[in-house]
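If you want the building blocks of each chain, they are given just below.
2 protein chains.
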Amino acid sequence: MFQNVMPRYEILSQDALATLDAAWRRLVSEIGVEFVSDRAIEMFRAAGQKVEDHTVFLDPEFVLEQVAKAPREFDVQARNPERSVHIGGDSMVFGAVYGPPFVRQGDVRRDGTMEDYRNFLKLAQSFDVLDSAGGVVNEPNDTPLDSRHLDMTYALQTLTDKIYMGNVVSGVNAADTIAMGAILFGGRDKIEETPCSISLINCNSPLRWDDRMLDALFEYAAAGQPVVLTPFILMGAMSPVTIPAALVQQIAEALSGIALAQLIRPGCPVIFGSFLSNIDMQSGSPTFGTPESGIGLLCTGQIARHFGLPFRTGGGLTSSQLPDAQAGYEALMTLMPTFLAGTNWVMHTAGWLDGGLVASYEKFVVDCQITEMLQHEFKPLEIDEGSIAFDAHQEVGHGGHFLGAMHTMERFRTCFYRPFLSSSDNYEKWMRGGALDAAARAGKIATAKIEAYEPPPIDEAIRLELEEYVVRRRAELGD
Amino acid sequence: MFQNVMPRYEILSQDALATLDAAWRRLVSEIGVEFVSDRAIEMFRAAGQKVEDHTVFLDPEFVLEQVAKAPREFDVQARNPERSVHIGGDSMVFGAVYGPPFVRQGDVRRDGTMEDYRNFLKLAQSFDVLDSAGGVVNEPNDTPLDSRHLDMTYALQTLTDKIYMGNVVSGVNAADTIAMGAILFGGRDKIEETPCSISLINCNSPLRWDDRMLDALFEYAAAGQPVVLTPFILMGAMSPVTIPAALVQQIAEALSGIALAQLIRPGCPVIFGSFLSNIDMQSGSPTFGTPESGIGLLCTGQIARHFGLPFRTGGGLTSSQLPDAQAGYEALMTLMPTFLAGTNWVMHTAGWLDGGLVASYEKFVVDCQITEMLQHEFKPLEIDEGSIAFDAHQEVGHGGHFLGAMHTMERFRTCFYRPFLSSSDNYEKWMRGGALDAAARAGKIATAKIEAYEPPPIDEAIRLELEEYVVRRRAELGD
Numbered sequence: 104m105f106q107n108v109m110p111r112y113e114i115l116s117q118d119a120l121a122t123l124d125a126a127w128r129r130l131v132s133e134i135g136v137e138f139v140s141d142r143a144i145e146m147f148r149a150a151g152q153k154v155e156d157h158t159v160f161l162d163p164e165f166v167l168e169q170v171a172k173a174p175r176e177f178d179v180q181a182r183n184p185e186r187s188v189h190i191g192g193d194s195m196v197f198g199a200v201y202g203p204p205f206v207r208q209g210d211v212r213r214d215g216t217m218e219d220y221r222n223f224l225k226l227a228q229s230f231d232v233l234d235s236a237g238g239v240v241n242e243p244n245d246t247p248l249d250s251r252h253l254d255m256t257y258a259l260q261t262l263t264d265k266i267y268m269g270n271v272v273s274g275v276n277a278a279d280t281i282a283m284g285a286i287l288f289g290g291r292d293k294i295e296e297t298p299c300s301i302s303l304i305n306c307n308s309p310l311r312w313d314d315r316m317l318d319a320l321f322e323y324a325a326a327g328q329p330v331v332l333t334p335f336i337l338m339g340a341m342s343p344v345t346i347p348a349a350l351v352q353q354i355a356e357a358l359s360g361i362a363l364a365q366l367i368r369p370g371c372p373v374i375f376g377s378f379l380s381n382i383d384m385q386s387g388s389p390t391f392g393t394p395e396s397g398i399g400l401l402c403t404g405q406i407a408r409h410f411g412l413p414f415r416t417g418g419g420l421t422s423s424q425l426p427d428a429q430a431g432y433e434a435l436m437t438l439m440p441t442f443l444a445g446t447n448w449v450m451h452t453a454g455w456l457d458g459g460l461v462a463s464y465e466k467f468v469v470d471c472q473i474t475e476m477l478q479h480e481f482k483p484l485e486i487d488e489g490s491i492a493f494d495a496h497q498e499v500g501h502g503g504h505f506l507g508a509m510h511t512m513e514r515f516r517t518c519f520y521r522p523f524l525s526s527s528d529n530y531e532k533w534m535r536g537g538a539l540d541a542a543a544r545a546g547k548i549a550t551a552k553i554e555a556y557e558p559p560p561i562d563e564a565i566r567l568e569l570e571e572y573v574v575r576r577r578a579e580l581g582d
Numbered sequence: 104m105f106q107n108v109m110p111r112y113e114i115l116s117q118d119a120l121a122t123l124d125a126a127w128r129r130l131v132s133e134i135g136v137e138f139v140s141d142r143a144i145e146m147f148r149a150a151g152q153k154v155e156d157h158t159v160f161l162d163p164e165f166v167l168e169q170v171a172k173a174p175r176e177f178d179v180q181a182r183n184p185e186r187s188v189h190i191g192g193d194s195m196v197f198g199a200v201y202g203p204p205f206v207r208q209g210d211v212r213r214d215g216t217m218e219d220y221r222n223f224l225k226l227a228q229s230f231d232v233l234d235s236a237g238g239v240v241n242e243p244n245d246t247p248l249d250s251r252h253l254d255m256t257y258a259l260q261t262l263t264d265k266i267y268m269g270n271v272v273s274g275v276n277a278a279d280t281i282a283m284g285a286i287l288f289g290g291r292d293k294i295e296e297t298p299c300s301i302s303l304i305n306c307n308s309p310l311r312w313d314d315r316m317l318d319a320l321f322e323y324a325a326a327g328q329p330v331v332l333t334p335f336i337l338m339g340a341m342s343p344v345t346i347p348a349a350l351v352q353q354i355a356e357a358l359s360g361i362a363l364a365q366l367i368r369p370g371c372p373v374i375f376g377s378f379l380s381n382i383d384m385q386s387g388s389p390t391f392g393t394p395e396s397g398i399g400l401l402c403t404g405q406i407a408r409h410f411g412l413p414f415r416t417g418g419g420l421t422s423s424q425l426p427d428a429q430a431g432y433e434a435l436m437t438l439m440p441t442f443l444a445g446t447n448w449v450m451h452t453a454g455w456l457d458g459g460l461v462a463s464y465e466k467f468v469v470d471c472q473i474t475e476m477l478q479h480e481f482k483p484l485e486i487d488e489g490s491i492a493f494d495a496h497q498e499v500g501h502g503g504h505f506l507g508a509m510h511t512m513e514r515f516r517t518c519f520y521r522p523f524l525s526s527s528d529n530y531e532k533w534m535r536g537g538a539l540d541a542a543a544r545a546g547k548i549a550t551a552k553i554e555a556y557e558p559p560p561i562d563e564a565i566r567l568e569l570e571e572y573v574v575r576r577r578a579e580l581g582d
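Protein chains in written order, with my numbering: chain A, 104 to 582; chain B, 104 to 582.
Next up, chain A with everything else stripped away, as it sits in the complex (with noise of 0.2 Å):
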């Protein structure tokens, strides 16, 4: 996995992480913050804070003693030991694009479907940039509701053998995720040791937890299963319309939550969620990979360690409807930032178009390999006598070319990263192969990786077991 080991690119000062620091304090106390649970609220009322019908008003020093309680880094198991991955400190780890409704592939938009969400999983399988499908990569449109956390579970359980997330739509969809993470992995215990799943836990900004969310935050803190606390805040909409305020705002929600997950299960590993873009003023449409979200995203790593807190942020978000230049500059407008950022859990890594609204079969390869040039950028620089190549230029001399040299010879096939969708051909080159933009490419690039996927080998009788539950569980519901 990534680890990421250059200078983080901080732009607060300490006056101004004092400044936010002052202001969230007095937002959890003074205006407070919402929680729709009654379970939440008898257990802040228990732990001594201020509570009005569902709002508590948080001593922010009770919040911080809450806070201290997470771990700074933690393990998360993958059924493939290599697949495992560390969330903290300096890794980064990447999933895929997370809740869109729709599919785009070529010229055609339409509803997502279970063929598409297994197609992205596999391609999630296939790349090895991303450490995790994620979870919802799109609504399979075409299962039923009730049960359709079942399936996608099962998918991501079996398509690939890397991390995955778990299903929040309620709490007894969080409790049968658990249930079969548990299958999956030899016992309840088992994952309570290590975890084995990350579910988001989005907040109704402005301040408000809504019960659902908090159902299934109570499912998975008790099963000791990370949960990312997230604002969900496109400024002028869910926050005031200054960064600043955003970012109080954000302080305020992520400690609240944070603050009851640590309630629920003391030490429960959970990740300072951000989801900070804005929205445009004239036509109130949210926009991404803008200037104010990658400031907004700089900030949030830096706030993030401040409390000693593993961090989620970034990914390749755009407003494009296609899988353009726009689509292509404003992914990097919030990757790149992220990298600087040392993000350490980034969701919609890969195939988020159109705000989020669409999964895109072109723009998931396009954002792998976008991902993949940073992680190649944001390695240190190794300088050794070997790498000044003094003794290459007593070889070539002034005017000549480094390509036949000693030196080039023994380092040429690794020397430099290699694009996989990125064309440098020649026009003539390009032209004799077909004339195909970028788009075109990374499209025919998915199908052949989905064409060339192997599914990763499983214990048969585990297959069977959670193939039972999923039967068992779908006719519970009703389905």
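Just so you know, these hints were derived from the structure itself, not from any lab. Relax, there's no trap hidden among the hints.
Here's a subset of chain A near chain B, in silico, CB distances under 10 Å, partners left out: (1) Pro309; (2) Met341; (3) Ile346; (4) Pro347; (5) Pro389; (6) Ile398; (7) Leu438; (8) Gly458; (9) Val469; (10) Ala492; (11) Gly500; (12) His504; (13) Pro522; (14) Arg544.
Over the 12 Å line for every Cβ pair with chain A, so calculated as not near, a few chain B residues: (15) Asn183; (16) Val272; (17) Ala278; (18) Ile561; (19) Leu569.
FRET-style restraints, in silico, Cβ to Cβ: (20) B:Lys547 x A:Glu563: 56 to 62 Å; (21) B:Arg129 x A:Lys547: 47 to 53 Å; (22) A:Gly151 x B:Glu176: 57 to 63 Å; (23) B:Pro247 x A:Arg535: 33 to 39 Å; (24) B:Met512 x A:Arg535: 54 to 60 Å; (25) B:Gln385 x A:Pro184: 31 to 37 Å.
Think of the CB as a built atom: it goes at the ideal place given N, C-alpha and C, for glycine as much as any other residue.
Given the structure of chain A, go ahead and fit chain B onto it with the hints provided.
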């Protein structure tokens, strides 16, 4: 003009810098640098440097003494004083692509013409994000070769009121450019006082400065016009295949050229140049927007600051044959490090396509979009009571929205950067608008800008004098 007061992203340790420092000293003194110019050789010999044929074995301390004579920062005047620029420090100055023989517009790739050249100057004049049209935005292949520089300089001086680059094909061309600058700015003394052009002097890497470029250097340096001493390095061909070796060679080449400029005219404004990418070691093709070039760029900034020199890197480089997703991510893969490094003079900011062989109308607009986004991203965050917006939270409460909040109403017009090319339309609206991709929209913007172009006012007597100079010199040159 744009000031980058954000932190610099520096990845070289002090140890690494010291290693590079020792290595360039060894290179210039033991391998030496070739200057294919008797004048240059005589100057170095007279200054006490060891010379064999056209190779100068430079004393590193002598080089540093010369380099120390160069100003750390300087101004370049435009004929519209509001367009004058400052080179060095936190200033970043942006010029268009330089050098392409071909042009691409829509589906057509063809030889560049004088009409294309004028069109690109109109675009460069129209986009505020550019401080300069550069020089050779495309080769106007339908004009006579010997007098082309006259037509191009005249176009730069009349169609734009921004700073421009000087012709460097020969000493004669340089002298004409300087003479035309003297006409435009009221006499040679005026442009010696504050220069009016920047000229690109490329090294024939490795370690050779060729005669025609040096002839141009002699003219410009003698007139006190800034020169960009640029090692032209595609790693693997013009340098060893390792980044540290390329950096060392770049220092040796740039500093040796700068030393010559200072011998010609002590205090002559210079820019530490860098054109650093790599070839594909399997095909031999140049590649741009690569991880290696990004790392090289970041290091170059740090190295130039180490020597107290303004520097040139960057631009919207790409290998892509089309303004597609690859062009988008590769352009940003160079432009983002350009901002992270705080590049003072950014060549190739807009229009570069197909490894620099093509000036693209559409890509020009895409790059201006990207650069404008980055100029907004690299602004310091203002954190104060107003931007923290506690009152907005009091107004909105839990789970509400901020669209109508007072704080929003006061700021919504200017709070977020609004792109001119990127689309965040919802799918239905985008379909109704013709379902255009970013390249198609960029083409429309380019056409509209050229149609709406209005020439900046110029004193008719000066324009006539320039015209007469061009006519007379064209006749003298036999065209």
